[in-house]
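Asks: Sequence:
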Amino acid sequence: YSQCPVMDIVIAIPGTVSTGRTFGRHPSGFFAITTMLSDWIKTLWLTGESYTVGSASTATSGGMRVAFVQFGVSSESHSPSGTGASGRLSGDATELEEGVQYHEKNMLLSGTGNGNKVITPSLERAATVFADSVGNRKRVLIILTDGTLTDIATVTAAQAALVNLNVEVFGSVIRRYSAHTAADTNAEASLKPLATNPADDHMDNILIDELAAKLSGLCDPATKWGKMIAQSAGPPQA
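In the numbering used here, the protein residues as written are -1 to 236.
None of these hints come from the bench; they were simulated from the model. Where hints are given, some of them may not hold.
Derived BS3-like pairs: lysine-lysine, alpha-carbon spacing no greater than 27 Å straight-line [said to hold, decoys possible]:
1) K190 to K222
2) K225 to K190
3) K40 to K225
4) K103 to K40
If you anchor each label on the Cβ, the simulated ranges turn out as follows [what the hints assert, rightly or not]:
5) P196 to A91: 30 to 36 Å
6) T179 to G215: 23 to 29 Å
7) S73 to I204: 32 to 38 Å
8) V161 to N134: 30 to 36 Å
9) E102 to P219: 22 to 28 Å
10) T92 to N203: 32 to 38 Å
Idealized CB from N, CA, C, for every residue including glycine.
Can you build the whole structure from these sequences, using the hints too?
Replies: Right, here's the structure in full:
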């Protein structure tokens, strides 16, 4: 992770009934995702700063801060004030782990088995979170979904807010099985308009077990997403 630019990352996690289904060898796709996020946090080069630092961050020479938001069929969820990082950017491993644990215990579990989801509230929340980002820090939003985002036609204002904040948006469909299904294809088509251009280089459609490697490769310019981050951020900070 020493190759990373100074960077703030928000990860949008799907929390609907469909994500709670069996995903391959995992009894629950949702808990597989949160477990991978918990493991990922332990590997990160973090700033060490609490969420309370906010836009007063002085970590200009390296390190990450991370935040999480969960989305369902009509709303978003983030850890409340006083829990973990209070749903805000944090470079403190303990705060981030507590944030993941909050989501594990408070899955939205909304919707039915069709996997449809509404992303606008989470985009709005991400914009609020990134308002605490310092100007020199790279801003990245990663959207994970196992189903179709049904409100793409109405995300214009939220998407524009992220563009104005110079947020680079990546998206990935998380598949239950190796074989691609029509549901996976539809989910990818709904997610792609949110991805930063060139969209194909900011999108993926992966088996759930490939998520850990995808996250680990964010700072590796040899990976598709790592290359995009490196190109937009310039040379790594010393």
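Asks: Can you list which hints this structure breaks, lowest number first?
Replies: 7, 8, 9
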